Amino acid sequence: MVVENQISLSRRENKLLKYARSYFSSVKGIVGFSLLLLFIFMAIFAPVIAPYSPDEMTDDVLKPPSAKHLFGTDHLGRDIYSRVVFGSRISLSVGFVAAGLSAVIGVLIGSFSGFYGGITDDIVSKIVDTFLMIPSFFLILIIVSIFGSNILYIMFVIGLTTWPGNARLMRAQALSIRERTFIMVARSTGESRIRILFGHVIPNGVFPVIANSALQMGGAILTEASLSFLGLGDPNLTSWGKLIFQGRPYMTFAPWMIIIPGIFVVLAVLAFSFIGDGLQFTFNPKNRKGE
Amino acid sequence: MDKNILQVKDLVKYFPVRKFGKKQYVKAVDGLNFSIKDGEIFGVLGESGCGKTTLGRVINRLEHEQSGTIEFMGGTISGKEYRKDRHFRRRMQMIFQNPYDSFDPRVIIYKSMDLPMKINEIEPDGRKRLERIIETMNHAKLTPAESLLTRYPHELSGGQLQRISMIRSMLLNPKFLVADECVSMLDVSVRAGVLNLLLTIQKELKSSMLFITHDISVATYICQRIMVLYAGKIMEIASSDGILKNPLHPYSKALVSYSPTISKEEKMRYTITGEVVTPIDPPPGCRFASRCPIAKGECTEKEPELRYIGKDRQVACHFV
Amino acid sequence: MPLLEMKNVNINYRLKNRQVRAVRDFTLDINEGDIVGVIGESGSGKSTLAHGLMRILPGNGYMEASTITLNGRDILNISDNEFRQLRWVEMSIVFQKAMSALSPVHKIFDQMYDAILAHKPETGKEEAIKKLEGLLSVVNLPRKALDMYPHELSGGMMQRVMISLGLIFNPKLVILDEVTTALDVITQGQLLDEVKRLVKEFGLTVMMITHDIGVVNELCTKIAILYAGELLEYGDVKDVIFRPLNPYTRALVESHPDLNPHGGGLRGIPGTLPDLSNPPEGCIFYDRCTCRLDRCREEKPELRDFNDRKVKCLRAGELNG
Chain E
342 MVVENQISLS RRENKLLKYA RSYFSSVKGI VGFSLLLLFI FMAIFAPVIA
392 PYSPDEMTDD VLKPPSAKHL FGTDHLGRDI YSRVVFGSRI SLSVGFVAAG
442 LSAVIGVLIG SFSGFYGGIT DDIVSKIVDT FLMIPSFFLI LIIVSIFGSN
492 ILYIMFVIGL TTWPGNARLM RAQALSIRER TFIMVARSTG ESRIRILFGH
542 VIPNGVFPVI ANSALQMGGA ILTEASLSFL GLGDPNLTSW GKLIFQGRPY
592 MTFAPWMIII PGIFVVLAVL AFSFIGDGLQ FTFNPKNRKG E
Chain X
17 MDKNILQVKD LVKYFPVRKF GKKQYVKAVD GLNFSIKDGE IFGVLGESGC
67 GKTTLGRVIN RLEHEQSGTI EFMGGTISGK EYRKDRHFRR RMQMIFQNPY
117 DSFDPRVIIY KSMDLPMKIN EIEPDGRKRL ERIIETMNHA KLTPAESLLT
167 RYPHELSGGQ LQRISMIRSM LLNPKFLVAD ECVSMLDVSV RAGVLNLLLT
217 IQKELKSSML FITHDISVAT YICQRIMVLY AGKIMEIASS DGILKNPLHP
267 YSKALVSYSP TISKEEKMRY TITGEVVTPI DPPPGCRFAS RCPIAKGECT
317 EKEPELRYIG KDRQVACHFV
Chain V
290 MPLLEMKNVN INYRLKNRQV RAVRDFTLDI NEGDIVGVIG ESGSGKSTLA
340 HGLMRILPGN GYMEASTITL NGRDILNISD NEFRQLRWVE MSIVFQKAMS
390 ALSPVHKIFD QMYDAILAHK PETGKEEAIK KLEGLLSVVN LPRKALDMYP
440 HELSGGMMQR VMISLGLIFN PKLVILDEVT TALDVITQGQ LLDEVKRLVK
490 EFGLTVMMIT HDIGVVNELC TKIAILYAGE LLEYGDVKDV IFRPLNPYTR
540 ALVESHPDLN PHGGGLRGIP GTLPDLSNPP EGCIFYDRCT CRLDRCREEK
590 PELRDFNDRK VKCLRAGELN G
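Heads up: the protein sequence lines correspond to chains E, X and V, in order.
Quick note: the first sequence uses this note's numbering, first residue 342, plus one each step.
Quick note: the second sequence uses this note's numbering, first residue 17, plus one each step.
Quick note: the third sequence uses this note's numbering, first residue 290, plus one each step.
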């Protein structure tokens with residue numbers, strides 16, 4: 342048994358390797374992945390990378406980029422480079438948590454609805470469609486203005502308003518997978534429905550949702566930035582969006598205050614969308630022919 | 017002797033279809049009555065859309081019938097009754113048409129074979145299960161078993177997969193097998209091996225089988241008795257030889273005469289016209305009447321009953 | 290002079306890191322009036338051969354040959370443009386997947402008319418209607434089929450439309466690529482009867498590609514056995530089926546379940562196809578052959594003449610009948 346498990350493990354790794362090779366064969370995939378690595382590195386080693394504390398005020402007020410302050414300083418003399426580096430922590434976690442939550446909810450509801458079918462599916466689909474019709478950004482605005490702008494709320498609200506897309510994707514997958522022969526085999530050998538759902542349907546159908554989630558991470562970062570820009574971000578935390586918000590009054594004579602964090606938002610969104618494209622390419626069976 | 021392992025009474029399965037908002041029914045299986053003897057291989061023969069696959073699925077409880085009863089090994093399994101029998105899945109197994117799709121593509125063969133045994137409590141010890149799998153595979157000349165077991169399904173050929181699929185069912189020691197077109201997607205040279213393995217399994221387990229196919233030559237090779245289906249209705253039930261050498265129902269005659277064969281002589285066609293029609297709200301009378309060369313007025317009015325013609329032979333036709 | 294002459298046809302597919310030699314050294318003459326059944330299992334290259342002849346190979350496939358002539362005319366070394374003039378007019382092909390060959394949103398007539406215009410742009414609508422009506426009646430379809438959409442036709446009717454489409458310009462040679470495979474037994478039989486009649490009426494020469502020996506036995510006059518890209522045996526249908534000279538032919542016939550069983554149960558052919566990106570040096574069937582000799586492994590058998598037949602096997606003479 343142990344031997345068997347080892348063999349299967351090493352073969353699974355081989356398969357991962359194959360996916361990886363296919364993913365990294367696209368330029369977008371490489372660029373996206375490198376950018377993401379860079380951001381993660383920034384977030385984890387922020388205290389090491391940043392030359393100043395993000396909240397340390399100096400007399401160098403509104404100084405343009407220079408050797409001393411790489412990206413210049415803001416109206417309170419804080420080093421923007423350090424603030425951007427620390428801001429990556431907030432922005433990235435918003436992306437991961439919000440999109441992760443959205444993926445989990447979407448996969449569970451979508452697969453359940455598609456796999457069980459019948460009336461369950463009708464009802465769930467209608468609910469999903471209703472959610473899709475709600476303009477999510479306004480919903481987020483309302484919720485944040487009612488419950489206050491704690492970063493956790495923001496993450497959850499973004500997650501809770503973006504899952505219907507994932508649910509739709511997953512439902513379509515479940516609908517087609519449940520007609521496949523190996524599901525019939527599982528049923529006729531007596532596997533329980535729950536086991537079929539979690540053991541066969543979700544693992545075989547989850548890939549498009551993963552690819553979509555990468556795109557949604559970028560979207561979540563953007564949404565959080567927009568909220569912060571409107572002054573609805575978490576008052577205690579400094580995200581990239583917040584930096585832009587703070588730079589707004591000074592943008593005519595200190596444009597670096599908004600341009601620099603703006604570039605980072607764009608790069609993050611770009612990175613995630615490249616990763617999403619790369620994953621979509623990898624998971625698309627059409628691109629795996631001839632292997 | 018001659019005990020029935022499976023008895024089907026008035027089995028009906030309709031599928032709703034909506035056409036321009038009007039709800040109609042495809043009468044896929046429409047009032048079937050037949051029984052299968054213990055140890056018998058019973059063939060279901062018919063063209064596409066005759067309801068043969070639906071029948072297999074209903075018997076294996078993958079679909080639920082509208083009405084009718086199915087008795088299996090002395091108990092009832094129709095409706096939700098089969099759930100009362102904890103070992104139902106162990107007793108009845110199904111082999112599907114598409115071997116390439118019969119295995120979860122993300123899982124190695126070993127896991128696909130191990131799980132059914134585990135779930136059905138055949139053997140609690142994983143090591144012993146593995147031993148049994150390897151032993152059975154060696155017995156079926158699927159070698160080297162150890163290396164096959166660690167492969168992914170897409171790395172194996174259709175013939176290998178179909179044989180492994182049969183062994184997977186066999187490991188549960190089923191008393192009854194439903195084989196749904198299990199060789200129709202395989203090459204001729206591989207087909208024979210798969211059919212022979214199926215026969216071996218059936219003999220060793222002393223089980224009975226419902227063998228669904230569209231191919232008369234395969235049916236007559238495998239089965240003792242054959243039931244000919246057309247548009248959801250039974251046309252004829254007879255021994256393999258009876259169907260092949262002396263078909264009584266006009267549809268059976270046509271089927272036999274149109275089947276391509278390797279013979280030196282030119283075969284005479286029992287000519288019929290038209291093509292199979294899906295039985296959506298079919299008109300009264302015999303389902304085959306519109307294509308039948310010997311149909312008369314009463315065929316479109318009165319539905320012929322399935323009646324006995326001699327021992328062990330039933331035909332549904334007014335003029336036999 | 291043969292109608293279609295093929296000498297040393299090779300067809301390869303380029304894949305990422307290797308080359309699959311799907312058809313190798315295929316040499317065959319097809320005489321006028323023959324109905325040749327090309328038999329092979331999956332991977333035998335039978336469809337590839339047909340597609341190569343029609344120059345409709347997928348992008349990564351290419352064909353080489355020493356000669357291919359149709360009716361005495363070289364069709365190997367002509368440009369694609371010249372070939373287009375001749376395709377459909379001199380030789381045509383009918384595919385298995387009739388459903389996907391026709392556009393679902395256009396009427397049958399419009400699609401057939403388009404096909405005519407593509408080759409003879411000067412054809413008027415009236416003329417086309419007349420011609421198509423005639424064609425449909427030839428394949429036993431009602432006139433109203435012209436005004437129907439593809440989904441309104443059944444599988445068998447669809448295949449008849451496709452066949453009539455192949456006959457528009459009275460081609461000399463028609464290639465039928467697995468045309469009956471997706472059909473039911475009775476529909477298949479009806480279509481085969483139809484083809485038989487057409488061959489007589491039009492004096493057609495047919496190359497029928499299929500995996501079913503039974504179909505070939507009923508329809509064809511000649512049979513060509515393909516295995517893993519090579520022609521192993523060719524001759525009169527009854528001769529080849531009932532007195533096979535090549536071990537593969539015999540094994541294939543014996544593994545075919547039939548209405549008239551040959552006794553002794555079915556014997557399959559154990560083993561799998563050889564790797565075609567690196568075909569073996571000797572006989573292609575060596576791995577799975579029950580009559581092999583040691584020298585079969587290294588020595589490549591030639592396609593030899595045996596009375597009216599061609600056989601590729603070192604032991605062809607010994608295994609007579």
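A portion of the hints provided could be inaccurate.
Said to hold, decoys possible - With the Cβ distance kept under 10 Å, some of the chain X side facing chain E (calculated, not the full set): (1) V33; (2) L131; (3) I135; (4) N136; (5) E139; (6) L158; (7) T159; (8) P169; (9) L172; (10) I183; (11) K191.
As the list claims (entries may be wrong) - The calculated lysine to any residue pairs, modelled on SDA-like cross-linking and capped at a C-alpha distance of 20 Å, are: (12) V:K527 <-> X:E281; (13) X:K127 <-> E:F539; (14) X:K157 <-> V:K489; (15) V:K305 <-> E:G531; (16) X:K280 <-> V:D323; (17) V:K305 <-> E:L573; (18) V:K305 <-> V:S566; (19) X:K280 <-> V:G444; (20) X:K127 <-> E:R536; (21) E:K359 <-> X:R122; (22) X:K219 <-> V:G554; (23) V:K485 <-> X:R122; (24) X:K157 <-> V:P559; (25) V:K489 <-> X:I138; (26) X:K283 <-> X:P299; (27) X:K134 <-> E:R534; (28) X:K191 <-> E:G531; (29) V:K485 <-> X:I138.
The set of hints was computed from the structure by calculation and includes no laboratory data.
What you are looking at is a predicted structure, and each value in this text was computed from that prediction instead of being measured.
By construction, the Cβ of each residue, glycine as well, lies at the ideal position given by its N, Cα and C atoms.
Check your understanding: Within a Cα-Cα threshold of 20 Å, do K127 of chain X and F539 of chain E meet the stated pairing?
Key -> holds (15 Å)
**Study point:** Evaluation of the interface hint that places I183 of chain X against chain E, nearest CB under 10 Å
**Key:** violated (13 Å)
Review point. Is it true that the CA of K134 of chain X sits at most 20 Å from the CA of R534 of chain E?
Key: It holds: about 16 Å lies between the C-alpha atoms, which stays within 20 Å.
Check your understanding: Going by Cβ atoms only, is L158 of chain X closer than 10 Å to chain E?
Key -> Cβ of L158 of chain X sits 17 Å from chain E, so the hint is violated.
Exercise for review: Take a quick look at whether K305 of chain V and S566 of chain V sit within 20 Å of each other, Cα to Cα.
Suggested key: holds (12 Å)
Check your understanding: Is the interface hint for V33 of chain X satisfied, with its Cβ closer than 10 Å to some Cβ of chain E?
Key -> violated (16 Å)
Review point. Is it true that the CA of K157 of chain X sits at most 20 Å from the CA of P559 of chain V?
Key: The hint holds at about 10 Å.
Review point. Taking the least C-beta to C-beta distance, is N136 of chain X closer than 10 Å to chain E?
Key: holds (6 Å)
Exercise for review: Sort out whether I138 of chain X lies within 20 Å of K485 of chain V, counting only the CA atoms.
Suggested key: Violated, at roughly 57 Å.
Practice item. Measure nothing beyond the straight line between the CA atoms of K305 of chain V and L573 of chain E; if it is 20 Å or shorter, mark the hint as holding. Key: violated (53 Å)
Practice item. Starting from K280 of chain X, check that the Cα of D323 of chain V is at most 20 Å away, please. Key: Holds, at about 19 Å.
Review point. Taken at face value, is the distance from the CA of G444 of chain V to the CA of K280 of chain X at most 20 Å?
Key: violated (30 Å)
In this structure, the hints that do not hold are numbers 1, 5, 6, 7, 9, 10, 11, 14, 15, 17, 19, 23, 25, 26 and 29, in rising order.
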